[in-house]
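Chains as they are written, first to last, in the UniProt record's numbering: chain A, 1 to 233; chain B, 1 to 233.
These are calculated hints, taken from the structure and not from any lab test. Here a beta-carbon is modelled for each residue, glycine too, at the ideal position from N, C-alpha and C. Warning: the hint list may mix true and false statements.
As the list claims (entries may be wrong) - Label pairs and their in silico Cβ distance ranges:
{"no.": "1", "chain 1": "B", "residue 1": "K23", "chain 2": "A", "residue 2": "A9", "range": "32 to 40 Å"}
{"no.": "2", "chain 1": "B", "residue 1": "G110", "chain 2": "A", "residue 2": "G26", "range": "37 to 45 Å"}
{"no.": "3", "chain 1": "B", "residue 1": "S8", "chain 2": "A", "residue 2": "V111", "range": "54 to 62 Å"}
{"no.": "4", "chain 1": "A", "residue 1": "A16", "chain 2": "B", "residue 2": "A113", "range": "53 to 61 Å"}
{"no.": "5", "chain 1": "B", "residue 1": "T215", "chain 2": "A", "residue 2": "P180", "range": "30 to 38 Å"}
{"no.": "6", "chain 1": "A", "residue 1": "T78", "chain 2": "B", "residue 2": "M22", "range": "23 to 31 Å"}
Claimed, not checked - Below 27 Å or equal to it, Euclidean Cα-Cα: the simulated DSSO-like pairs (lysine-lysine) are:
{"no.": "7", "chain 1": "A", "residue 1": "K107", "chain 2": "A", "residue 2": "K194"}
{"no.": "8", "chain 1": "B", "residue 1": "K90", "chain 2": "A", "residue 2": "K194"}
{"no.": "9", "chain 1": "B", "residue 1": "K23", "chain 2": "B", "residue 2": "K130"}
{"no.": "10", "chain 1": "A", "residue 1": "K194", "chain 2": "A", "residue 2": "K55"}
{"no.": "11", "chain 1": "B", "residue 1": "K23", "chain 2": "A", "residue 2": "K194"}
{"no.": "12", "chain 1": "B", "residue 1": "K134", "chain 2": "B", "residue 2": "K49"}
{"no.": "13", "chain 1": "A", "residue 1": "K107", "chain 2": "A", "residue 2": "K130"}
{"no.": "14", "chain 1": "B", "residue 1": "K194", "chain 2": "A", "residue 2": "K107"}
{"no.": "15", "chain 1": "A", "residue 1": "K194", "chain 2": "B", "residue 2": "K194"}
{"no.": "16", "chain 1": "B", "residue 1": "K23", "chain 2": "B", "residue 2": "K194"}
{"no.": "17", "chain 1": "A", "residue 1": "K130", "chain 2": "A", "residue 2": "K49"}
{"no.": "18", "chain 1": "A", "residue 1": "K107", "chain 2": "A", "residue 2": "K49"}
{"no.": "19", "chain 1": "A", "residue 1": "K90", "chain 2": "A", "residue 2": "K107"}
{"no.": "20", "chain 1": "B", "residue 1": "K23", "chain 2": "B", "residue 2": "K49"}
{"no.": "21", "chain 1": "B", "residue 1": "K194", "chain 2": "A", "residue 2": "K55"}
{"no.": "22", "chain 1": "A", "residue 1": "K194", "chain 2": "B", "residue 2": "K130"}
{"no.": "23", "chain 1": "A", "residue 1": "K194", "chain 2": "A", "residue 2": "K23"}
{"no.": "24", "chain 1": "B", "residue 1": "K55", "chain 2": "A", "residue 2": "K194"}
{"no.": "25", "chain 1": "B", "residue 1": "K194", "chain 2": "B", "residue 2": "K130"}
{"no.": "26", "chain 1": "A", "residue 1": "K90", "chain 2": "A", "residue 2": "K130"}
{"no.": "27", "chain 1": "B", "residue 1": "K134", "chain 2": "B", "residue 2": "K55"}
{"no.": "28", "chain 1": "A", "residue 1": "K130", "chain 2": "A", "residue 2": "K55"}
{"no.": "29", "chain 1": "B", "residue 1": "K194", "chain 2": "B", "residue 2": "K134"}
{"no.": "30", "chain 1": "B", "residue 1": "K90", "chain 2": "A", "residue 2": "K23"}
{"no.": "31", "chain 1": "B", "residue 1": "K130", "chain 2": "B", "residue 2": "K90"}
{"no.": "32", "chain 1": "A", "residue 1": "K194", "chain 2": "A", "residue 2": "K49"}
{"no.": "33", "chain 1": "A", "residue 1": "K55", "chain 2": "A", "residue 2": "K90"}
{"no.": "34", "chain 1": "A", "residue 1": "K134", "chain 2": "A", "residue 2": "K55"}
{"no.": "35", "chain 1": "B", "residue 1": "K90", "chain 2": "A", "residue 2": "K55"}
{"no.": "36", "chain 1": "A", "residue 1": "K130", "chain 2": "B", "residue 2": "K194"}
{"no.": "37", "chain 1": "B", "residue 1": "K55", "chain 2": "B", "residue 2": "K107"}
{"no.": "38", "chain 1": "A", "residue 1": "K90", "chain 2": "B", "residue 2": "K23"}
{"no.": "39", "chain 1": "B", "residue 1": "K23", "chain 2": "B", "residue 2": "K90"}
{"no.": "40", "chain 1": "B", "residue 1": "K49", "chain 2": "A", "residue 2": "K90"}
Chain residues, written in single-letter form:
Number of protein chains: 2
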Amino acid sequence: MNDQHIASAFDRDLEAIQAQIMKMGGLVEAAILEAASSLEARDEERAEKVRAADKQIDALEELINEEAARVIALRAPTAIDLRLILSVMKISGNLERIGDYAKNMAKRTGVLAQMAPVNDSAGALRRMAKEVGKMLTDALDAYINRDAELALDVIARDAEVDQMYNALFREFLTFMMEDPRNITACMHLHFIGKNTERMGDHVTSIAEQVVYLVTGMHPDEARAKADTTSMKL
Amino acid sequence: MNDQHIASAFDRDLEAIQAQIMKMGGLVEAAILEAASSLEARDEERAEKVRAADKQIDALEELINEEAARVIALRAPTAIDLRLILSVMKISGNLERIGDYAKNMAKRTGVLAQMAPVNDSAGALRRMAKEVGKMLTDALDAYINRDAELALDVIARDAEVDQMYNALFREFLTFMMEDPRNITACMHLHFIGKNTERMGDHVTSIAEQVVYLVTGMHPDEARAKADTTSMKL
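Let the hints inform the model, and build the full structure from the sequences given.
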């Protein structure tokens, strides 16, 4: 009876924290899309809003970590419960990093707005960011529904994001070689592309944790992929 | 008496895990220095050894996290003890990321060895890596000795690493503009520089956790700094 009581109390705590994770995920997804759209529209005001909103994301991460530590101290969970509560900390960390990359993209918008646009690079970056945003939605759905299949699908889709990045990288190299005046802008655009590709890696890490939580196994496909792409610029 | 027993049992567990952290830190520091020296010497064989050694670092991180989870489940630590054991997980995560950057540097050595050297860039990168290695040693000493003052010193020194990176970045930009044939090599070298600067950020994050563990406060200097540098390429 007492065990039952403790168990359900833990479940309520966990649900409350997971609700915060979903809220944080929503803010991060909005930041990704809004940062990419502001870049394409060369709209510094909208970009500034993205930068300001990152403080809320950071505050949520701190709140989630404090809550998780409180629950561990209060409920002393073991085995799967402990693994669940620890994964909450890892996932909020991934979300915080993705938010930082979106904020960085927004900061570069101010610099790039002063330079001549380089072809449709900003449009290609927005499409890439949109894909990462979709992956994030699915990764968090997979987490809440303990859906390993959807999580593995997210992990597989990260390869497409890597391909988009590699295509962009070759394009930037060409633009720089064609006209040295493009070099500075291309360096910024390239960093935005690389950071967006890293966002995809953090989403993949969330999906990997879901697979581990549900199946108890580390998805090797993801490991192998991470290894073969780590050489790319 | 029983409390006493439990407390000292936790202390023994924590000490054992901290010993693993120090071992992992030693391997990561060696990886940083060896990767940078191999790059300067254009020695692919030594670089290959660094890549192989990263597996050991990843395995240690997994071991440390499993051990920490086991201790939490077994000892149900609260308050400061819980904060200590959770920090172990965060620090091993930082060390693993630093190891990945060193591995990535080693992988690029193979590519760069095929290209003409760009000035003394590799030497400058090695000096930067050496500085980050020193910061890591001090950050881990600060952690083991709960030395907030040394940790704050490490955080302050990260600004020097950022300056080294910014100087390199301007240099690479010049080399690329002077001769488009330098662009591909400079993109690789620039990424190595950026990743080394990121290693410094992870060392700083370890130092920040030490300050928080010892003083209970987040070092604002570090926060402010992180914000002003996030705009840099």
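Checked hints:
Under the hint 32 to 40 Å, the C-beta atoms of K23 of chain B and A9 of chain A, about 39 Å apart, fit the expected range. Restraint check, G110 of chain B to G26 of chain A: a C-beta distance of roughly 42 Å satisfies the suggested window 37 to 45 Å. Remark: the range hint 54 to 62 Å for S8 of chain B to V111 of chain A is upheld by a beta-carbon distance near 56 Å. Distance hint check for A16 of chain A and A113 of chain B: the Cβ-Cβ separation is about 54 Å, which falls inside the suggested range of 53 to 61 Å.
As the Cβ distance of T215 of chain B to P180 of chain A is approximately 49 Å, the hint placing it in 30 to 38 Å is violated. Between T78 of chain A and M22 of chain B the beta carbons are some 28 Å apart, a value that agrees with the proposed interval 23 to 31 Å. With a C-alpha separation of about 15 Å, the suggested pairing of K107 of chain A with K194 of chain A holds against the 27 Å cut-off. At most 27 Å may separate the alpha-carbon atoms for a hinted pair to count; K90 of chain B and K194 of chain A meet this at roughly 24 Å.
Annotation: proposed proximity of K23 of chain B to K130 of chain B holds, straight-line Cα distance about 19 Å (limit 27 Å). The straight-line distance between the Cα atoms of K194 of chain A and K55 of chain A is roughly 23 Å, inside the 27 Å bound, and the hint therefore holds. Distance restraint check for K23 of chain B and K194 of chain A: the Cα-Cα separation of roughly 32 Å exceeds the 27 Å cut-off, and the hinted pair is therefore not satisfied. Distance hint between K134 of chain B and K49 of chain B is fulfilled; the C-alpha atoms sit about 22 Å from each other, no more than 27 Å.
Under the criterion of a C-alpha separation no larger than 27 Å, the hint pairing K107 of chain A with K130 of chain A is consistent with the structure, at around 19 Å. This hinted pair checks out: K194 of chain B and K107 of chain A have alpha carbons roughly 17 Å apart, not beyond 27 Å. Taken as a hint, the K194 of chain A and K194 of chain B pair is honoured in the structure, with Cα atoms around 12 Å apart against an allowance of 27 Å. This hinted pair checks out: K23 of chain B and K194 of chain B have alpha carbons roughly 26 Å apart, not beyond 27 Å.
Taking the CA atoms of K130 of chain A and K49 of chain A, the gap is about 19 Å. The hint holds against a cut of 27 Å. The hinted pair formed by K107 of chain A and K49 of chain A meets the criterion: a straight-line CA distance of about 10 Å does not exceed 27 Å. Between the alpha carbons of K90 of chain A and K107 of chain A the distance comes to roughly 26 Å, so the proposed pair stays at or under 27 Å and holds. A hinted pair counts as satisfied when its Cα atoms are at most 27 Å apart, and K23 of chain B with K49 of chain B qualifies at roughly 18 Å.
For the hint linking K194 of chain B to K55 of chain A, the alpha-carbon distance of about 24 Å falls within 27 Å, and the restraint holds. Of the pairs offered as hints, the one joining K194 of chain A and K130 of chain B holds, with about 26 Å between alpha carbons and a cut-off of 27 Å not exceeded. For the hint pairing K194 of chain A with K23 of chain A, the CA-to-CA distance comes to about 26 Å; that is within 27 Å, so the pair holds. Proposed proximity of K55 of chain B and K194 of chain A is supported: the alpha carbons are some 24 Å apart, at most 27 Å.
For the given pair, K194 of chain B sits about 15 Å from K130 of chain B by alpha-carbon distance, which is consistent with the 27 Å threshold. A distance of roughly 23 Å separates the Cα atoms of K90 of chain A and K130 of chain A; the hinted pair therefore holds under the 27 Å criterion. Among the hinted pairs, K134 of chain B with K55 of chain B is consistent with the structure: their alpha-carbon atoms are about 23 Å apart, no more than 27 Å. For the given pair, K130 of chain A sits about 22 Å from K55 of chain A by alpha-carbon distance, which is consistent with the 27 Å threshold.
Under the criterion of a C-alpha separation no larger than 27 Å, the hint pairing K194 of chain B with K134 of chain B is consistent with the structure, at around 18 Å. Between the alpha carbons of K90 of chain B and K23 of chain A the distance comes to roughly 23 Å, so the proposed pair stays at or under 27 Å and holds. The suggested pairing of K130 of chain B with K90 of chain B holds, with an alpha-carbon distance near 23 Å, which does not exceed 27 Å. Note on K194 of chain A and K49 of chain A: the hinted pairing holds, with a Cα-Cα distance of about 22 Å set against a maximum of 27 Å.
For the given pair, K55 of chain A sits about 19 Å from K90 of chain A by alpha-carbon distance, which is consistent with the 27 Å threshold. In summary, the hint linking K134 of chain A to K55 of chain A is supported, as the alpha carbons are separated by about 23 Å, within the 27 Å threshold. Restraint check: the Cα-Cα separation between K90 of chain B and K55 of chain A comes to about 21 Å, which is no more than 27 Å; the hinted pair holds. Using a Cα cut-off of 27 Å, the hinted pair K130 of chain A and K194 of chain B holds, with the two alpha carbons roughly 26 Å apart.
Taking the CA atoms of K55 of chain B and K107 of chain B, the gap is about 14 Å. The hint holds against a cut of 27 Å. Taking the CA atoms of K90 of chain A and K23 of chain B, the gap is about 23 Å. The hint holds against a cut of 27 Å. Simply put, K23 of chain B and K90 of chain B have alpha-carbon atoms about 16 Å apart, close enough for the 27 Å limit, and the pair holds. Between the alpha carbons of K49 of chain B and K90 of chain A the distance comes to roughly 30 Å, so the proposed pair goes past 27 Å and is violated.
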